[in-house]
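Colleague: Sequential numbering of the sequence shown, starting at 1, is according to our numbering.
Everything labelled a hint here was simulated from the structure, so no lab data went into it. The beta carbon of each residue, even a glycine, is placed where N, CA and C say it ideally should be. Don't take each hint at face value.
[Claimed, not checked] Pairwise CB distance ranges, derived in the manner of DEER restraints: (1) Glu222 with Arg166: 32 to 40 Å; (2) Asp64 with Leu218: 23 to 31 Å; (3) Glu215 with Asp162: 29 to 37 Å; (4) Glu132 with Pro92: 24 to 32 Å; (5) Gly134 with Asp64: 36 to 44 Å; (6) Arg230 with Val173: 45 to 53 Å; (7) Ala232 with Val205: 40 to 48 Å; (8) Gly83 with Ala29: 20 to 28 Å.
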Amino acid sequence: MGSGMYVAMAGARAQSDALDTTANNVANAGTAGFRAERIAFSEMLSRARAPDMAYAAATRSRPDTTQGAIRTTDNPLDLAIRGDGFFAVQTPAGVRYTRDGAFRLDADGQIVDARGFALLDQSGAPLSVPPETGSIDVGADGTVRADGVEVGVVQIARFSPDQLRREGNNLFVARGAPRAASDDLPEVVSGALEQSNVNVVRGMVGLVKVSRTYEALLRMIESYRDIDARTARDIGGPK
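With the hints as constraints, model all of the structure from the sequences given.
Modeller: Right, dumping it as C-alpha cells:
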C-alpha cells in the first residue's frame, strides 16, 4: 500500500468526523442554548512509514463561543446568559454545564431543567423556593427572589473553550475549575431564552462541501486499491 493511500484514508477519516460534527450542528439549529461545535485539523507526520509523509487528522473540537440571539418568552424561569458563562446543573454523573436556560419548578420547589436536573447556586447547592411561592424574579446578577425574598444566586461558571467537552443533551463536562470571577460579569436575562448560535445556511453549505470532499477521498482510495490490485496481478503474472 503506497503512502498516497494512507494520506487519503487519513483525510477520509478526518472528513468523516467533520461530517458528523457539521450534521449535528445543523440538527440542533433549533435547540435553545446550543453551541455549535468547531473541529480543528492538524497535519500529522508519520515517521513510522515515511519520514516525509504527512496526513490530516481531526485533533480536537471545541464549542463556538459566539453569542446566540436572545428571544423573549415572558416566562420568569426561562433564563439566558448575555455574555460568557454557563449554568451549572446537578446530574447523576456530577455537575454539568449548559447554556440552555429553560427551567421550571418541580414538585419539591426546586428549579430544574427539562431533564429534572437541579439548577445550582453559587455555593453549588440546588436552588429552590418555599412552598406556596406566588412570584419568582431573577435579577440581572442572577439573584433569585421568591415573593421578594432572596433565596440564592444562580451560578454562572466560566471556562476557556479547551476546558469543555460536549457530553450530549446540550450539556458539557468541564476539565478543571472555572475561571476566577472578574469585573466583566455576564448578565442573566429572565423571561428569555438564548437561541442556538448555529448559522443554518453556513451549516448547510459546509455540509455539502464536507460531503463532496469525503466522497472524493473515497473515490481516491478506491483508485489506489485498483492500482494495487493491477500491480499485484502484473507482478504475479506469467514471466
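Colleague: Indicate, hint by hint, whether the structure satisfies it.
Modeller: Consistency of the hints with the structure:
| no. | hint | in the structure |
| --- | --- | --- |
| 1 | Glu222 with Arg166: 32 to 40 Å | 33 Å, holds |
| 2 | Asp64 with Leu218: 23 to 31 Å | 28 Å, holds |
| 3 | Glu215 with Asp162: 29 to 37 Å | 32 Å, holds |
| 4 | Glu132 with Pro92: 24 to 32 Å | 29 Å, holds |
| 5 | Gly134 with Asp64: 36 to 44 Å | 40 Å, holds |
| 6 | Arg230 with Val173: 45 to 53 Å | 50 Å, holds |
| 7 | Ala232 with Val205: 40 to 48 Å | 41 Å, holds |
| 8 | Gly83 with Ala29: 20 to 28 Å | 22 Å, holds |
In terms of the numbered hints stated before, the structure departs from none.
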